[in-house]
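This note's numbering numbers the first residue of the sequence shown as 2 and each following residue consecutively.
These are computed hints drawn from the structure, not numbers from a lab. The reader is advised that the hints may include incorrect statements.
[Said to hold, decoys possible] Pairs of lysine-lysine residues, derived as DSS-like cross-links and limited to a Cα-Cα distance of at most 30 Å, are as follows: (1) LYS180 - LYS340; (2) LYS346 - LYS180; (3) LYS294 - LYS180; (4) LYS296 - LYS187; (5) LYS180 - LYS301; (6) LYS301 - LYS187; (7) LYS346 - LYS187; (8) LYS340 - LYS296; (9) LYS187 - LYS294.
[Unchecked claim] Between beta-carbon pairs, the in silico distance windows are: (10) GLN318 - ALA110: 25 to 33 Å; (11) ASP172 - VAL80: 33 to 41 Å; (12) ARG147 - GLU251: 14 to 22 Å.
Just so you know, these numbers come straight off a predicted model, no measurement behind them. Beta carbons: idealized from backbone N, C-alpha and C, even for Gly.
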Amino acid sequence: MAEHLYLIIAVAVLLVVGVAGLVAGTMRRRRTPGPAEPATTATEPGVGEDAATPRDTPTRTVEDVPLPTDVLEPEAPAVERPEPAQGRLVRLRARLSQSQGTLGRGLLALLSRDRVDDDTWQEIEDTLLMSDLGVGPTQELVARLRDRVRVEGSGAEARAILREELVALVDPSLDRELKISRADGKPGVALVVGVNGVGKTTTVGKIARVLVAEDADVVLGAADTFRAAAADQLQTWGERVGVHTVRGPEGGDPASVAFEAVRSGIEREADAVLVDTAGRLHTKSGLMDELGKVKRVVEKLAPVTEVLLVLDATTGQNGMTQARVFGEVVDVTGIVLTKLDGTAKGGIVVAVQRELGVPVKLVGLGEGADDLAPFDAEGFVDALLGDAGPS
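Between the sequences and the hints, there should be enough to build the whole structure, so can you do that?
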């Protein structure tokens, strides 16, 4: 009886092992493709059993594809070193002498006549008016010249007399220093205002170059969110000299961008923050509201130390109208005159200072990146008289 029981158990074990081996073999055949049957992946539809021409080699994965090194590690743009102020001033005087010298030479020719009569004085007055000097400053200058010529004579003394009176008219006593430096642990903040078309955004970039040349750390705020590509333009200026630019979405809130720019300047311990504002001039009230909001929001973080008005010197009386409007809606602290080497008349410098009661602090000559320089009253007058100064 025992022998039969052992036999039955042995047969049962063999049957179980056999069935298990059969099942395992079937599973392996289902999971392992044959040599002519390539493996399929979920990422390659049409490859496998349903493909018309099955592939014999496996497809490379993303990890197998080498990426170009220049894509992984792009080269940083070269940072420029702007020209120092002294070199700019020499070049500025030379260009002014070429473009504005006609005015000074014409006045000298009239004052150097053997006899300066009423007709001559009328010609002098007309020449000054045509230079965009304005009626008030012209009458004032002519009166002072007549008094001095009557006492000191004309001829050889004419140049010295004219130079002294022109310098006094331009007023060298005005404080033309840019108030954009770090103080009390916060950066100096400048709002740059002006209508579209005067070169305002470009001027912001050029001012940044002036400051960088003096080893200042600068942050730019692209708060002109209404003009297409204004932020791109300003960022390009910043990248050229290694300056950080804060920008927002096109059509966004300008005050928000200005606020973030100042906050970034504080966090970076920058010396100066330059904020480019929108240049729309549809209505005086709208302009006042927008610029006022930008200034209020910025001053929650740091005081605005400069409000610079950019004017195109070639626009003459139209530029004076712009100056008048901006002077009424915002506290302008300084003027930047662009394109003074073109068809502009030199008298605009005096006229705009008289109109706003604030100094011209910077002047632009030409399209070059470093063609913006601090304004110097005596150098300007010498250029008007045809003296290019030292080269």
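Hints versus structure:
Pair hint LYS180 plus LYS340 holds up; C-alpha atoms about 23 Å apart against a cutoff of 30 Å. A C-alpha spacing of about 28 Å is found between LYS346 and LYS180, which places the hinted pair at or below 30 Å, so the restraint holds. Restraint check for LYS294 and LYS180: satisfied, since their Cα atoms lie roughly 21 Å apart, inside the 30 Å limit. About 16 Å separates the Cα atoms of LYS296 and LYS187, which keeps this hinted pair within 30 Å; it holds.
The suggested pairing of LYS180 with LYS301 holds, with an alpha-carbon distance near 19 Å, which does not exceed 30 Å. For the hint linking LYS301 to LYS187, the alpha-carbon distance of about 12 Å falls within 30 Å, and the restraint holds. This hinted pair does not check out: LYS346 and LYS187 have alpha carbons roughly 39 Å apart, beyond 30 Å. Taken as a hint, the LYS340 and LYS296 pair is honoured in the structure, with Cα atoms around 28 Å apart against an allowance of 30 Å.
As the CA atoms of LYS187 and LYS294 are separated by approximately 21 Å, the hinted pair is consistent with the 30 Å bound. In this structure the hint that GLN318 and ALA110 lie 25 to 33 Å apart at CB holds, the actual value being about 27 Å. For the pair ASP172 and VAL80, the beta carbons lie near 38 Å from each other, so the given range of 33 to 41 Å is met. In this structure the supplied range 14 to 22 Å is violated for ARG147 paired with GLU251, their Cβ-Cβ distance being about 57 Å.
In terms of the numbered hints stated before, the structure departs from hints 7, 12, listed from lowest to highest.
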